[in-house]
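Visitor: One-letter residues, chain by chain:
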Amino acid sequence: MSLADTATLRTRAEEMGLLWGLVGLVALLSLLPIGRLLIEGLAPGGQLSTTALGKVLASPATWTATTNSLVTAIAGTLLAVLIGGTVALLATLTDIRARNAFTFCFVLPLMIAPQVTALAWLQLFGPSSTLLKLIGMAPPLGSRNPLYSREGIILLLGLQYAPLVFLTLRAGLRALPKELIEAGLAAGASPLTVVRTVVLPLMTPPLVAGIALCFVSCLGNFGIPAFLGIPGNFLVLPTLIYQRLAGLGPGVLSEVAILSLLIGVIAMAGILLQDFMMRRRDFRITTTSSATRPLELGRWRTTVEILLWTFAILVLALPFLGLLSTSLIPAFGVPLNAATATLGNYAYVLLEHAASKRAFINSFLMSSGAAILIVLICVPLGYFIVWKKSRLLRLLNLAAELPYAMPGVVLAIAAILLFLKPLPLFGVSLYNTVWIIVFAYLARFLVLGLRPVVSGYLQIDRTLEEAAQVAGASLPRRLITIIFPLVAPAAVAGALLIFLTAFNELTVSALLWSSGAETLGVVVFSFEQGGDSTYASALATITVLVTVGLMLLTTLFAQRLPQGVLPWRD
Amino acid sequence: MARLTIDRAVKRFGAFPALDEVSIDVEDGEFLAVLGPSGCGKTTLLRQIAGFDKLDGGEIRIGERLVSSAEQHVPPEHRKLGIVFQSYALWPHMSVAQNVAYGLTVAGVRDPERARRVAAALDLVGLNGFAERRPGLLSGGQRQRVALARCLVTEPSLVLLDEPLANLDVHLRASMEEEFARFHERTGTTMVYITHDQAEAMALADRIAVMDRGRLLQLATPSVLYREPADVTVAGFIGDGMVLPVMVLSPPQGGRCKVNVLGIEAVVRCRPDQTITNQAKLCLRARDISLTSAEHAGFQATVERLSYQGGHFRLEARVASAPDMLLHLDAAEPALAQPGDAIAIAIHDGWVIPEAIITRQAA
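Chains S and A, in that order, are what the protein sequence lines are.
Going by the numbering used here, 335 is the number at position 353 of the first sequence; the sequence numbering is gapless.
Each number in the numbering used here corresponds to the 1-based position in the second sequence with 382 added.
One or more hints might be untrue.
What the hints assert, rightly or not - Listed below are the simulated DSS-like cross-link pairs for lysine-lysine, each with C-alpha atoms no more than 27 angstroms apart in a straight line:
| # | chain 1 | residue 1 | chain 2 | residue 2 |
| --- | --- | --- | --- | --- |
| 1 | S | K370 | A | K436 |
| 2 | A | K640 | A | K663 |
| 3 | A | K436 | S | K371 |
Because the hints were derived from the structure by calculation, they are not lab data.
If we strip away everything but chain S, and leave its shape as in the complex, we get (with noise of 0.2 angstroms):
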């Protein structure tokens, strides 16, 4: 009897353990920024005082940075669910050719960061376009690039972030067991009416995950913005805030603490709604068949492999060729030919920029590490907002998306704010050393890892758990040995995010970084700050190149993997 009781409490004091330790961590990855920068709003410099607050509602900036800011998200949103809906369902779904390769080249845009695509459109339609030039095309000098507009931008948030969509409604898919769709078709329905009355509904769950990272991703973009829409003096909230830093007058940081808090709100109006919706039904599958048999297109395949792939072509090769293009000239605004090609601005970033070549190990070590640690936090996390329906962790689950919502300018200034001071007991200084930036990724991208793991955990029977638990395994075995490989490929589909967007990320990057602490996003900013754009299309060319190797690079070890782990593979 008093045997049975301490194994009893020893398995609660466990339990209990974890998840105030997860509880704990949470807090300190998202609620502590977050803290610190209402403080700073509310009360700049330890002062309570509304007039930040005032000047900067009363400020008609702020509202048409608000009002651009909910459009651009929102229609962004709707083209990335549009394409990338479209391509997930016809990629997973139906019997075309080539799929991998496909996929493949869907995803890639995602690994290219915001920036760099915003850049490499413009080099595709400006007057002094390199490759515009070689064919002779390119607009006469002084006439306007018709990407500097709010169309310009809504339509590359929706390119940058399809495969955002697609990742995560793929996900949904191959866990969708062929009887459903069979069912369907058997009773009558043709393959579309299937696909529209079993798949779509079905599919709920990823598409609300993918839809809500979508807006919250469209949201906080830097990159895209501040490339196309500054020079227009079309401002969105992120680069409103950077404009008022840039500014640097007094009480700066109270007023963008206010911006950025600002358009948390706007954030957390997005998420709640998808949590409401998550709770109005039951979309759990119990998955004991094999995956779908693909749907036969028949006399369309063809037209839709076309189809496919010369989108792929556009949205993913002339970008490329612009960047690679421009990063083969001696200098900018040279026109690209045999005389003119050099690989010297390579030769430069590779061999001869000290900072380059350290930024490559750094961000490779922070990019992967962040993605380690943030999937063992969310797979004890998800097991507790999922099914132990833990209130308190609900509610840090949406704290969880306000650092990711957030530009990563505003969570740099809260890191900043934080860590300006040496740390409390230990008397060390984050600031100015990789760890700065360490936290900030662990804060930023958590929700990356979370949504996915969340996702799966809704779709998995708990009996595989609550097996494990009669067999008299503990929490932390159960976690180890049934839940993680169960969840795992959700939760390396969102390490791989995690370490896809942190690789070559800027935005936070940007104002933590210091001397020996570059990432390459840092680098490439730098080279383009200083009018390097060649150093800068061959640094970006290179990074682009470095993550489609090791994306290939895992495929050769895909065989050994759990089915599914990696996204682009079937």
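Go by the hints and put chain A onto chain S.
Guide: Just chain A now, with coordinates in the frame of chain S:
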């Protein structure tokens, strides 16, 4: 082997009472079936015994150990019981052998002891060639056998089975039923078997607990349950019983009493303490009534429907004096009556339902 004692268990979901003062005492080595329609609370009961949910009132003891009460809750991992789930709940990332070995690994049993016991368990369910397979590649019956082997390899003293045959086809059910019976015989483990299928419950169980809307209606052996249902719901649910209003005319004598049913007199079974009343209910089985040619021995009815059952017909007839009453009986081949024919029905046997009497001790 362990006694399982459920004492006035209460579980509420919001205002809805999923378990309403349920008390069941399961003996060492007994095979108890919990039977009821979906939503009756049987799965809730299983989850309470397993410890997945916390009890709002009452107690559950396994052996002498208090595992559940409103104040105390031993988590499932410390209850040392086995469960076979309806969905099998086999871990897809492990082989059959790894699935079966899991409980042993958790308990700290190491090879070669572990390997020996896994092999023995797989041998017992007839799956010795399947150790390295993945569960996803097995048929439904094979998965169920793996689940059974996984549950029994740790030799739990109490095994819970949650509708284990619900996902299998009829042919497989019969052979798995046999398997469960054989297991119970061989291991002597206390088993609690949740099902909505009374044929399954009747075939397997020592005793059956019939539940409805969170309440325990009757706990008895299959034979008592069939012959002497404790209330109208059980009478109607078990064995397709017909319930008719009846007047009890005489005090019981040798377990029988005289009654008036539908205007005719009959002698039927009843409890020894049955009182004379004109407000009782009678439970009739198809085999308790038959067609009769004698005018006064039976009551008038009209044949409504005939359906062939193989060897005999099921005859449904509407009672002339009570047109809302539909009776059914077995009629021999060849059929003596056709739909629309007027017939007379005689009553040979029946059971006066002891509605008002507390029947918890009926077992």
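Visitor: Work down the list of hints and note, for each, if the structure agrees.
Guide: Here is what the structure says about each hint:
1. Taken as a hint, the S:K370 and A:K436 pair is honoured in the structure, with Cα atoms around 13 angstroms apart against an allowance of 27 angstroms.
2. With a CA separation close to 13 angstroms, the supplied pair A:K640 and A:K663 stays within the 27 angstroms bound.
3. As the CA atoms of A:K436 and S:K371 are separated by approximately 15 angstroms, the hinted pair is consistent with the 27 angstroms bound.
Going through the hint list in order, the structure satisfies each hint without exception.
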